[in-house]
Amino acid sequence: MSGDIQLKKIKKILIANRGEIALRIIRTAKEMGIKTVTIYTDEEKTLPHASAGDEAICLGSGPLKETYLNQARIVEIARKCGADAIHPGYGFLSEKSSFAQLVSDNGIIFIGPSATSINLMGDKKSSKIKIQELGVPSIPGYHGDNQELKVLSQEAKRIGFPVLIKASAGGGGKGMRIVHQESEFNEALEGAQREALNAFGDQTVLIEKYITSPRHIEIQVMSDKHGNHCHLFERECSIQRRYQKIVEESPSPAVTPELRAKMTAAALKITNGINYIGAGTVELILDMDGQFYFLEMNTRLQVEHPVTEMVTGLDLVKLQILVAQGEELPFKQSDLKINGHAIEVRLYAEDPDNDFLPSIGTIKMIGQSTLHHTRLDCGYIDGNEVTIMFDPMLAKLVAWGENRLQATELLTQALNEVVFLGLKTNRDYLKRILNLAEFKNGLTYTHFVVTYSDKLKPQKKCKEEMALAIAASLFHSQLSGKTKKELKSNCVWTRLAGFRNI
Amino acid sequence: MKKQLVIDDEIIDVEIVDENASFVLFNFEGEEYSVNLGGLQNGKMVLNMKGKNRPVILMDTHYVVDGQEFVIDAPRRTRKKSKIQDLGMMKSPMPGKILKIFVQVGDEVVLGSPILVMEAMKMEHTIKASKAGVVTAIHFKVGDQVTGGVELVNVV
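First to last, the protein sequences are chains A and B. Numbering-wise, the numbering used here puts 183 at position 183 of the first sequence, and it's gapless, one number per residue. Numbering-wise, the numbering used here puts 59 at position 59 of the second sequence, and it's gapless, one number per residue.
Isolated chain A, as found in the complex (with noise of 0.2 Å):
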């Protein structure tokens, strides 16, 4: 098998992608000696992806499948500008495998899985039968065609409530909906089709067992041209709010020596048996008494891809270029270990106690941590405009630690630091979840968030803290002029304000 890989040293990369994901492909790439290309919008000449890489190209402004998700013009950007392969991130095209059929067949190298592997794991419906074939547990539901209501009410039934409704074509918890009696079938269905039919176009759904205390366990696989499959251990990502994670960490607290292998054996079960290559994440629900089922298959970088990096010490996107070189995989299953913890939090601009209302605004300041063992993935910088046009994601911060309640206190700690000043952030909030006994003792299940959320309202500011706010403003107001403007602000513009043309 290995005789037919060619190898093809990856000398440029178009990044089809924005913000944190775009700037954290560069910096591997910079750091492999391989030029990089990046896209914007319009709208987004200011934010730093637009500049980071070292050429890019703007794409004008208008609706998503104009820019970020027209396959065309970006394969033919990618051609124009002599990239020799492209990067997806997460998102937008990542997983579309028209996407990376249509670059392969360019003649440009696909950072990602084959297109047949897409297929077959992006459609929830095939993945499933597939993973069943392979002897991979998964959850009791229906899957069928027949999208009637009397047939989906009926399944619904047979399958026991409370069910989960989901979109079949879904992801990011669009088109979901938890069903816990009979009566309130119907209008969660329609709920679920409404959202499935204008997120993706279709609004097939399939019915699922709905597991009442479950963990959100992830197995990160890495697979070569050559046959070699390895896991690279678990993630939890059990903390979520409306479906999306916002707390992951490594190793899982509930995750035993015994557990972990045969979760990790189910992982590579299905990379040998689909003849995976490259990135993918094996998502698990991990039940109370131990079983796990499989939940989808992710056939791409996580978002939360950097808590494995840290406990690892492996760079995830140079393995990613590497297998898309032709390389092999440049260490063996036995040479892997996780050393320490490590827990990433996803900063939002959002209100998490107006119910996660996504905001809006400007970014006054960005601060940063000053802490070793912490990492701060941002695509945004002082200055810069959040809209409603993308994702709300601010950030990822991640902290490592010798054992979960060191990463626990310095990520904390990183949290006081890292501010987005100048619009609401679930910053505090994060702060709450890491604060929490609960979450200190590892009980963590998906509902999280729901079920603590008494515990996790905003509390009184304490009155010190408020009073050394009243000092400092009061020292702020009686500042000259001058020097209030250099605190104001930094920028290079304003420092540079003395001098003059010559």
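Rather than coming from a laboratory, the hints here were simulated on the basis of the structure. Ideal Cβ positions, reconstructed from N, Cα and C, are used throughout, including at glycine. Just to be clear, a hint being listed does not mean it is correct.
What the hints assert, rightly or not - Below, in silico cross-link-like pairs of lysine-lysine (DSSO-like), each with a Cα-Cα straight-line distance of 27 Å or less: (1) B:LYS97 / A:LYS461; (2) A:LYS209 / A:LYS262; (3) B:LYS97 / A:LYS65; (4) B:LYS3 / A:LYS460; (5) A:LYS209 / A:LYS157.
Claimed, not checked - If the Cβ cut is set under 10 Å, some of the chain B residues that face chain A in the computed set are: (6) GLU19; (7) VAL35; (8) VAL134; (9) ILE138; (10) PHE140.
We have chain A already, so just place chain B on it with the hints.
Same frame as chain A, now just chain B:
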């Protein structure tokens, strides 16, 4: 000297006893605070209170102490915030599209009744009645695109 400050939309009285470029002594909510100014650079200020160094991040009207954010402003610069609840208006929380309307003019609603569903950031948000009463006006129809902060319905 008495001074009024608006902290997070609340008016607070502060009595300044002594003040110079590197020291303030003031009373606030029945307690006296004596604070020295230490370092000052790049949007950061270090204050010393009771021997403890306390870093403060500051930018415009934003002050962050130990991770806690405060917005402090002089009273004149703060516009009075109207409470949506008092006016019986349900406003769009942000720009989006009206997907579904559950009520008609003349309908009676109770606090928390679903009024309509909006789509914003590709997610659905249900706008609920912020007070009980009768719907007297619905300002949009299904499919309409609305901007943030506009009145959607009136309930009297």
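Right, here's what the structure says about each hint:
1. Restraint check for B:LYS97 and A:LYS461: not satisfied, since their Cα atoms lie roughly 36 Å apart, outside the 27 Å limit.
2. Proximity of A:LYS209 to A:LYS262 is assessed by CA-CA distance (about 22 Å); at most 27 Å being required, the pair is judged to hold.
3. This hinted pair checks out: B:LYS97 and A:LYS65 have alpha carbons roughly 18 Å apart, not beyond 27 Å.
4. Only pairs whose Cα atoms come within 27 Å are accepted, and B:LYS3 paired with A:LYS460 is accepted, the gap being roughly 23 Å.
5. Under the criterion of a C-alpha separation no larger than 27 Å, the hint pairing A:LYS209 with A:LYS157 is consistent with the structure, at around 10 Å.
6. Given the 10 Å rule on beta carbons, the hint for B:GLU19 holds: about 7 Å separates it from the nearest Cβ of chain A.
7. Interface restraint check: B:VAL35 against chain A, minimum CB-CB distance 4 Å, threshold 10 Å, status holds.
8. At about 24 Å, the closest approach between the beta carbon of B:VAL134 and any beta carbon in chain A exceeds 10 Å, and the interface hint on this residue is violated.
9. Among the interface hints, the one on B:ILE138 is violated; its C-beta lies about 20 Å from the nearest C-beta in chain A, farther than the 10 Å criterion.
10. The beta carbon of B:PHE140 comes no nearer than 17 Å to any beta carbon in chain A, farther than 10 Å, and the hint placing it at the interface is violated.
In this structure, the earlier hints numbered 1, 8, 9 and 10 are contradicted, and the remaining ones agree with it.
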